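**Q** Each chain, letter by letter, is given below.
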Amino acid sequence: GENVEQHPSTLSVQEGDSAVIKCTYSDSASNYFPWYKQELGKRPQLIIDIRSNVGEKKDQRIAVTLNKTAKHFSLHITETQPEDSAVYFCAASKGGSYIPTFGRGTSLIVHP
Amino acid sequence: GAGVSQSPSNKVTEKGKDVELRCDPISGHTALYWYRQSLGQGLEFLIYFQGNSAPDKSGLPSDRFSAERTGGSVSTLTIQRTQQEDSAVYLCASSFYSGGEYFGPGTRLLVL
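From first to last, the protein sequence lines are chains A and B. Residue 11 in my numbering is what sits at position 11 of the first sequence, and the numbering runs on without skipping anything. Residue 197 in my numbering is what sits at position 85 of the second sequence, and the numbering runs on without skipping anything.
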């Protein structure tokens, strides 16, 4: 089955810096890669996703890149703000009737 | 529109009792997932419903856990003879056939 590795487990940055979280996957049939943000005590929320037919997608300060050959994808947050502090989860899915596989999460701390 | 809703938001029960957790997915979403999240941990997959197909129960930790989805909409997760290790947040999510998941607020279960 699919295996998703996520790094780092904890990331501490200063406000205004950039943050990068990386995930690797094992199943080359995976074609859908969402990212979720979970603030303390709240539900995970889908913040951005990418499909295997594109290499990069951007939404304001967040972007996701995908390298299908290397089987890895990354979340990039620029100009970080304290409200970006949360746990971020990546996932990989083959879409359709397949269950997504989640990474273990990255705790991002943005210091003001 | 309305998001995924879950009830109850909190449940305290005694060891050995049965509990039922309810999930109302987003209207029109064909897929419904149940996850369990212990404090500070990742998302543990429990069960997956997709349309009228047989559910994928591969994540259920024991035969004390069961779930059903009536009419392709509302789902109920039942835990029989609860144990203290069942204490966690139970999250429900729904999605379109091949899209990202939208999570409910979760039910916090505490087994005394």
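The hints are simulated quantities; they were obtained by calculation from the structure and are not laboratory data. Keep in mind that this is a model prediction, so the values were computed, not measured. You may find that some hints are simply not true.
Claimed, not checked - Anything over 10 Å on all C-beta distances counts as not near chain B; from chain A, calculated:
#, residue
1, Leu11
2, Gln14
3, Glu15
4, Glu39
5, Gln45
6, Asp49
7, Ile62
8, His76
9, Pro82
10, Val110
11, His111
Claimed, not checked - Each pair of labels, with its calculated beta carbon distance range:
#, chain 1, residue 1, chain 2, residue 2, range
12, A, Ile109, B, Gly128, 22 to 30 Å
13, B, Arg176, A, Glu39, 38 to 46 Å
14, B, Ser178, A, Gly1, 36 to 44 Å
15, A, Ile109, B, Arg193, 21 to 29 Å
Claimed, not checked - Residues from chain A shown here face chain B by an in silico Cβ test under 8 Å; the list is partial:
#, residue
16, Pro34
17, Arg43
18, Pro44
19, Leu46
20, Phe89
21, Phe102
22, Arg104
23, Ile109
24, Pro112
Where a beta carbon is used, it is the ideal one built from N, C-alpha and C, also for glycine.
**Q** Quick check for students: does the CB of Gln45 (chain A) sit more than 10 Å from each CB in chain B?
**A** violated, 7 Å
**Q** Grab the minimum beta-carbon distance between Gln14 (chain A) and chain B and tell me whether it stays above 10 Å.
**A** Gln14 (chain A) clear of chain B: closest Cβ-Cβ about 24 Å, beyond 10 Å.
**Q** Is the nearest CB of chain B more than 10 Å from the CB of His111 (chain A)?
**A** Holds: least Cβ distance 20 Å, greater than 10 Å.
**Q** Interface hint check: Arg43 (chain A), Cβ to nearest Cβ on chain B, cutoff 8 Å. Holds or violated?
**A** With a closest approach of 4 Å, the Arg43 (chain A) hint holds.
**Q** Quick one: are Ile109 (chain A) and Arg193 (chain B) within 21 to 29 Å, going by C-beta?
**A** violated, 40 Å
**Q** Examine each Cβ of chain B, and state whether all of them lie more than 10 Å from the Cβ of Glu15 (chain A).
**A** holds, 24 Å
**Q** Given Phe102 (chain A) as an interface hint, is the shortest Cβ-Cβ distance to chain B below 8 Å?
**A** Holds. Min distance 5 Å.
**Q** Quick one, is the Pro34 (chain A) hint okay against chain B at 8 Å, beta carbons?
**A** Since the shortest Cβ distance to chain B is 4 Å, the answer is holds.
**Q** Beyond 10 Å from every chain B Cβ: check whether that's true for Val110 (chain A).
**A** Consistent with the label, Val110 (chain A) stays out of reach of chain B, its closest Cβ about 19 Å off (over 10 Å).
**Q** Double-check Phe89 (chain A) for me: the hint is only fine if its C-beta lies closer than 8 Å to a C-beta in chain B.
**A** Hint holds; Phe89 (chain A) Cβ to chain B Cβ min 7 Å, cut 8 Å.
**Q** Would the least Cβ to Cβ distance between Asp49 (chain A) and chain B come out above 10 Å?
**A** violated, 5 Å
**Q** Against chain B, does Leu11 (chain A) keep a CB gap of more than 10 Å to every residue?
**A** Holds, since 16 Å exceeds 10 Å.
Going through the hint list in order, the structure does not satisfy hints 5, 6, 12, 13, 14, 15, 23 and 24.
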